[in-house]
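Number of protein chains: 2
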Amino acid sequence: MSASVDAGDVKRHKWWGWGLDDVAFNWRNKPGFAPLADEKIGLDLRTMPDPVEPDLADFPVPATRLDPAHRAAIVHVVGEANLRDDDEYRVVHSFGRSLPDLFRVRHGDFTRLVDAIVYPGDEDEVAAVLRLVIEHDLVLIPYGGGSCISGSLTPDISEQRPILSMNLGRMDRVLEIDDTSGLARVQAGVYGPDLEEQLNAEGWTMGHFPDSFTYSTVGGWAATRSSGMQSDKYGDIEQIVRGLRMVHPDGVVRTKAIPGRDAGPSVHEMVLGSEGRLGIITECTVQVHRIAPVRQVIAYMYPDWEHGIRGMHAISRSEVKPTFTRLSDGPETRFSLALVKEPSSTKGKVAAKVQDGLFAYLRSKGWDTTEEMCISYVCFEGSKERVEREKAIVKKIVSRNGGITLGAGPGAVYDQKKFDTPYLRDFLLNYQVFGDVCETGASWSTLNEVHSKVYDAYYRSRKEAGGPGFMFCHMSHSYHGGACLYFTFAFPYTSDETALEEYYGAKNAVQQTFVDIGSGVSHHHGVGVEHRPWMEQDLGETGARMIRGLFADNDPGRNLNPGKVLEP
Amino acid sequence: MSASVDAGDVKRHKWWGWGLDDVAFNWRNKPGFAPLADEKIGLDLRTMPDPVEPDLADFPVPATRLDPAHRAAIVHVVGEANLRDDDEYRVVHSFGRSLPDLFRVRHGDFTRLVDAIVYPGDEDEVAAVLRLVIEHDLVLIPYGGGSCISGSLTPDISEQRPILSMNLGRMDRVLEIDDTSGLARVQAGVYGPDLEEQLNAEGWTMGHFPDSFTYSTVGGWAATRSSGMQSDKYGDIEQIVRGLRMVHPDGVVRTKAIPGRDAGPSVHEMVLGSEGRLGIITECTVQVHRIAPVRQVIAYMYPDWEHGIRGMHAISRSEVKPTFTRLSDGPETRFSLALVKEPSSTKGKVAAKVQDGLFAYLRSKGWDTTEEMCISYVCFEGSKERVEREKAIVKKIVSRNGGITLGAGPGAVYDQKKFDTPYLRDFLLNYQVFGDVCETGASWSTLNEVHSKVYDAYYRSRKEAGGPGFMFCHMSHSYHGGACLYFTFAFPYTSDETALEEYYGAKNAVQQTFVDIGSGVSHHHGVGVEHRPWMEQDLGETGARMIRGLFADNDPGRNLNPGKVLEP
Numbered sequence: 001m002s003a004s005v006d007a008g009d010v011k012r013h014k015w016w017g018w019g020l021d022d023v024a025f026n027w028r029n030k031p032g033f034a035p036l037a038d039e040k041i042g043l044d045l046r047t048m049p050d051p052v053e054p055d056l057a058d059f060p061v062p063a064t065r066l067d068p069a070h071r072a073a074i075v076h077v078v079g080e081a082n083l084r085d086d087d088e089y090r091v092v093h094s095f096g097r098s099l100p101d102l103f104r105v106r107h108g109d110f111t112r113l114v115d116a117i118v119y120p121g122d123e124d125e126v127a128a129v130l131r132l133v134i135e136h137d138l139v140l141i142p143y144g145g146g147s148c149i150s151g152s153l154t155p156d157i158s159e160q161r162p163i164l165s166m167n168l169g170r171m172d173r174v175l176e177i178d179d180t181s182g183l184a185r186v187q188a189g190v191y192g193p194d195l196e197e198q199l200n201a202e203g204w205t206m207g208h209f210p211d212s213f214t215y216s217t218v219g220g221w222a223a224t225r226s227s228g229m230q231s232d233k234y235g236d237i238e239q240i241v242r243g244l245r246m247v248h249p250d251g252v253v254r255t256k257a258i259p260g261r262d263a264g265p266s267v268h269e270m271v272l273g274s275e276g277r278l279g280i281i282t283e284c285t286v287q288v289h290r291i292a293p294v295r296q297v298i299a300y301m302y303p304d305w306e307h308g309i310r311g312m313h314a315i316s317r318s319e320v321k322p323t324f325t326r327l328s329d330g331p332e333t334r335f336s337l338a339l340v341k342e343p344s345s346t347k348g349k350v351a352a353k354v355q356d357g358l359f360a361y362l363r364s365k366g367w368d369t370t371e372e373m374c375i376s377y378v379c380f381e382g383s384k385e386r387v388e389r390e391k392a393i394v395k396k397i398v399s400r401n402g403g404i405t406l407g408a409g410p411g412a413v414y415d416q417k418k419f420d421t422p423y424l425r426d427f428l429l430n431y432q433v434f435g436d437v438c439e440t441g442a443s444w445s446t447l448n449e450v451h452s453k454v455y456d457a458y459y460r461s462r463k464e465a466g467g468p469g470f471m472f473c474h475m476s477h478s479y480h481g482g483a484c485l486y487f488t489f490a491f492p493y494t495s496d497e498t499a500l501e502e503y504y505g506a507k508n509a510v511q512q513t514f515v516d517i518g519s520g521v522s523h524h525h526g527v528g529v530e531h532r533p534w535m536e537q538d539l540g541e542t543g544a545r546m547i548r549g550l551f552a553d554n555d556p557g558r559n560l561n562p563g564k565v566l567e568p
Numbered sequence: 001m002s003a004s005v006d007a008g009d010v011k012r013h014k015w016w017g018w019g020l021d022d023v024a025f026n027w028r029n030k031p032g033f034a035p036l037a038d039e040k041i042g043l044d045l046r047t048m049p050d051p052v053e054p055d056l057a058d059f060p061v062p063a064t065r066l067d068p069a070h071r072a073a074i075v076h077v078v079g080e081a082n083l084r085d086d087d088e089y090r091v092v093h094s095f096g097r098s099l100p101d102l103f104r105v106r107h108g109d110f111t112r113l114v115d116a117i118v119y120p121g122d123e124d125e126v127a128a129v130l131r132l133v134i135e136h137d138l139v140l141i142p143y144g145g146g147s148c149i150s151g152s153l154t155p156d157i158s159e160q161r162p163i164l165s166m167n168l169g170r171m172d173r174v175l176e177i178d179d180t181s182g183l184a185r186v187q188a189g190v191y192g193p194d195l196e197e198q199l200n201a202e203g204w205t206m207g208h209f210p211d212s213f214t215y216s217t218v219g220g221w222a223a224t225r226s227s228g229m230q231s232d233k234y235g236d237i238e239q240i241v242r243g244l245r246m247v248h249p250d251g252v253v254r255t256k257a258i259p260g261r262d263a264g265p266s267v268h269e270m271v272l273g274s275e276g277r278l279g280i281i282t283e284c285t286v287q288v289h290r291i292a293p294v295r296q297v298i299a300y301m302y303p304d305w306e307h308g309i310r311g312m313h314a315i316s317r318s319e320v321k322p323t324f325t326r327l328s329d330g331p332e333t334r335f336s337l338a339l340v341k342e343p344s345s346t347k348g349k350v351a352a353k354v355q356d357g358l359f360a361y362l363r364s365k366g367w368d369t370t371e372e373m374c375i376s377y378v379c380f381e382g383s384k385e386r387v388e389r390e391k392a393i394v395k396k397i398v399s400r401n402g403g404i405t406l407g408a409g410p411g412a413v414y415d416q417k418k419f420d421t422p423y424l425r426d427f428l429l430n431y432q433v434f435g436d437v438c439e440t441g442a443s444w445s446t447l448n449e450v451h452s453k454v455y456d457a458y459y460r461s462r463k464e465a466g467g468p469g470f471m472f473c474h475m476s477h478s479y480h481g482g483a484c485l486y487f488t489f490a491f492p493y494t495s496d497e498t499a500l501e502e503y504y505g506a507k508n509a510v511q512q513t514f515v516d517i518g519s520g521v522s523h524h525h526g527v528g529v530e531h532r533p534w535m536e537q538d539l540g541e542t543g544a545r546m547i548r549g550l551f552a553d554n555d556p557g558r559n560l561n562p563g564k565v566l567e568p
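As they're listed, the protein sequences go chains A and B. Going by the UniProt record's numbering, 146 is the number at position 146 of the first sequence; the sequence numbering is gapless. Going by the UniProt record's numbering, 110 is the number at position 110 of the second sequence; the sequence numbering is gapless.
No wet-lab data here; the hints were simulated from the structure. Everything numeric in this text was worked out from a predicted model, so none of it was measured. Think of the CB as a built atom: it goes at the ideal place given N, C-alpha and C, for glycine as much as any other residue. Among the hints, a few may not be true.
DEER-style ranges, computed between Cβ atoms [stated by the list, open to error]:
1. B:388 to A:415: 30 to 40 Å
2. A:537 to B:22: 30 to 40 Å
3. A:415 to B:291: 32 to 42 Å
4. B:60 to A:131: 54 to 64 Å
5. B:417 to A:533: 37 to 47 Å
6. A:567 to B:60: 53 to 63 Å
7. B:22 to A:306: 52 to 62 Å
8. A:79 to B:567: 56 to 66 Å
9. A:124 to B:445: 19 to 29 Å
10. B:388 to A:464: 37 to 47 Å
11. A:498 to B:250: 50 to 60 Å
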């Protein structure tokens, strides 16, 4: 089947940051935000001048290293319209949206860019380009939605060979839905919203909604082992992607979408998470579900983190199966409240008054509503009967663990703004402030230890750096054996020259704590280069040796996204 | 920790067949069995002499090829008591319980036996033995419960190097239970019943009950990607085993029992299903669950297979989450009824009358109660409220799909005798009859096609062979995207000389049909050598190349269970 769009039509981030050109975080309509920023990291927004957007014309862009003969050979495969090597495209495809990438791209650190971007229209074109890559000893980096925050799509600055970025965005179709089996064959380059739109039109959903949803693709999710916020019900991408096709240097790998994968070591699970080092994923067969008749997000409040975690654990051990369960800790709850817009309608003003009254009441009961109180959201889906029954059970569990039910109002607000968070990092960078995230999977019995030790490590690192810092955290993605802890941190950096060193000081403190306790190096952000330093500790020496052997065996020339996941 | 038992205390099969010496299938107390055997495969049990058990003394056993110096080196590691090279032990450890293995062992086909059996007491001993194996170019085959029906523990008759079988049976302890996380660290050599006993004592269950439960181990389940009959609730072994330790030629591989495995290609999923080719699994961290307060197995009857499958599919799409769902087709239902014991109690006689009356009523409604009617079992676990609610929903679904609810009586009978089936194959071999099983995972949309085409292929192969045959099937292990179809077949072979050729005529017809339709080469019986011929078709050429590369990279000397899963 021919691709539905040309290269020029494929959605892309603004060159210097997340998402659309004309969308940005607005602090002025959120009265709680500026005071919190001032208190926690000394950022006084009211005295700051309006930020100026970076201009690509200010920065020199090095010439492409792609040989004209090689360029012609690739154009022969995909057509002239589907190879791009103009400056903006090369910049956009050379940086993911990790904090270091955002910092570097804004500062025009274009030491090594990809040399061209190829937009194949089908699997045959992917295979033909891959053959050229091997034959001419080029480097190939797959590109999905460009939202990777672990550096997996960023070229190695020491790479001397010409580097191609392969944007799968033209391969964006749902090819087939098997209604009986609840399975859909989907091209790897389809973005989240396009995928859901095509599925929804037939009454289906895949239910995979990572924060990056608007700027990420099925192939990217599979290649980096993504998890969506609704994974409690729909599963992580490893559960959702049942079969796939990947163009490998020696041919096409295809894994069957059948239950009970019982044929030796899992090729499927070698490809998932391979981040382009084994080949290019071109198609996935994914589980799809009928859109639930009823969906509700209910908000709850606990007096503190320990009570909240006990509640979350009790829900996971109950007979209730929510779509998602999420608990913000005290600092994150305060941050969330600081993001609430100033009410403009009468209804909104009344609601704000009601909230003030509630918080006063809670304080009278001994709650610390500023620093300790924890908000929680639970999403229920299914028949009306099921949603009502499960809500009643969860309400009891929350109450038994010292919490109260706030209701559907705040839940609906949370649900609507869930994809807006990534814009905040660009906003903070305008003011020389780093805001970033680190997450890990940990067992239920170690969640509190991870939580407190990560805080300790972060604030110790900030103290050593001599500057302020702010951290908050939520628990999400509940499993039988544990859950994900998702930390967000922010601090002002002191100078452009030392900025990345300051960033890694904080980031590394957090990551090393994860690994020291035995929790995961990453829960769903992949490895790339940002998490690579901990892979040997995470996998152990022999596990790392197995992965290295896998890469060396399948890509002896190191042409496929070399250096990602593990060095060499 | 030191091993709790010596080699001599480790449970083992009788040398020539399944399980205990004094347990055998008894047809005389089952009035329906002999007539069915006569009708379907021309076996008239009433005219047959009583079978004579084979005697090991009748068969010459070749001398061990293990060099005395190597033997001494191994004894130095594990102690004299924990290396066995007497005839019976060597025979027991040289054959799994596949049909070809059972046939060969009964006939004393001892061309190539393992040369010694080593029983390590801990992981260090496993590692020390593995080093000796590599150093002296020996061959090592791991041995769990010896119930493998795909030939994975059977030595290659052309192997010239000395062959060690490593029996993990001394490593049989639950080491630690993390109550909060619902995770237990378990040594790989623990048998199913011993494991459940240790877990039950603390109020936990793993919920993994394959047919082979009494003669299989955690390590064996992990190494062959086992599924238990309760996988709808508890998951296949891939979901249950969250972390593991494996002794690899270069060190110990350990995978962490954390949720959200997001660190590159999955080492964990390379080890699962590796059948000894990458190393020896010594420990698993498994999900455990509190024993459900209420458990009920309810039986249902459908007029035919198509109605039954529609019912099963509707249950899988409902909000009910049973512990297992199972549907026997018409022939298997008839077979099950033929296994019912003659009632001796008054209560039993009344129940039989009630059943006769019910079947007469169903015939009056147009049901074919002999050939078409399909029995189904659904297991419900949880609180009383949940079990009652789910039973009510399933009852409605069954009714809507043309079936009726029989109730808890037949369900309880099914539940009690579920581990007895393996004895039947030995019984049939006494009369020169092969009885065996083939199973596959298939999508919901192809289940009926697989079902009818496998029947066609099997009966065509029997017709070509010129002899009678009987086949029946059930559906079990329900997933979002599909289910397992489990076929049983039987036929009398004509002579010892042609027996295995006749066997493969039937088996291959079934297996090739699986692969031609695109369903799995095996759902949960592993690959070994019996399913190896279809692996290349199942994985595709490039997938097979990846697996071969994995084995070659990690075991370049081919010392670890060589030839299993894939040749070379």
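Between residue 417 of chain B and residue 533 of chain A, does the beta-carbon spacing fit 37 to 47 Å?
-> For residue 417 of chain B and residue 533 of chain A the Cβ distance comes to about 56 Å; the hint is violated.
Between residue 124 of chain A and residue 445 of chain B, does the beta-carbon spacing fit 19 to 29 Å?
-> Holds - the Cβ-Cβ distance for residue 124 of chain A and residue 445 of chain B, about 27 Å, lies within 19 to 29 Å.
Is 53 to 63 Å a correct range for the gap between the Cβ atoms of residue 567 of chain A and residue 60 of chain B?
-> Cβ of residue 567 of chain A to Cβ of residue 60 of chain B: about 57 Å, so the range 53 to 63 Å holds.
Status of the given 30 to 40 Å range, CB of residue 22 of chain B versus CB of residue 537 of chain A = 53 Å Cβ-Cβ, so the 30 to 40 Å window is violated.
May I ask you to test the hint 52 to 62 Å on the CB atoms belonging to residue 22 of chain B and residue 306 of chain A?
-> holds (57 Å)
Could one say that the CB atoms of residue 79 of chain A and residue 567 of chain B fall in the range 56 to 66 Å?
-> Given about 43 Å between the Cβ atoms, the range is violated.
Just tell me: holds or violated, for the beta carbon distance of residue 498 of chain A and residue 250 of chain B against 50 to 60 Å?
-> Check failed, 41 Å falls outside 50 to 60 Å.
Do the Cβ positions of residue 388 of chain B and residue 464 of chain A conform to the proposed distance bound of 37 to 47 Å?
-> violated (60 Å)
Outcome for the supplied range 54 to 64 Å, where the beta carbon pair is residue 60 of chain B and residue 131 of chain A | holds (58 Å)
32 to 42 Å as the expected CB spacing between residue 291 of chain B and residue 415 of chain A, which holds or is violated | holds (37 Å)
Should the hint that residue 388 of chain B and residue 415 of chain A are 30 to 40 Å apart at their CB atoms be regarded as holding?
-> holds (33 Å)
Comparing the model with each numbered hint stated earlier shows that hints 2, 5, 8, 10, 11 do not hold.
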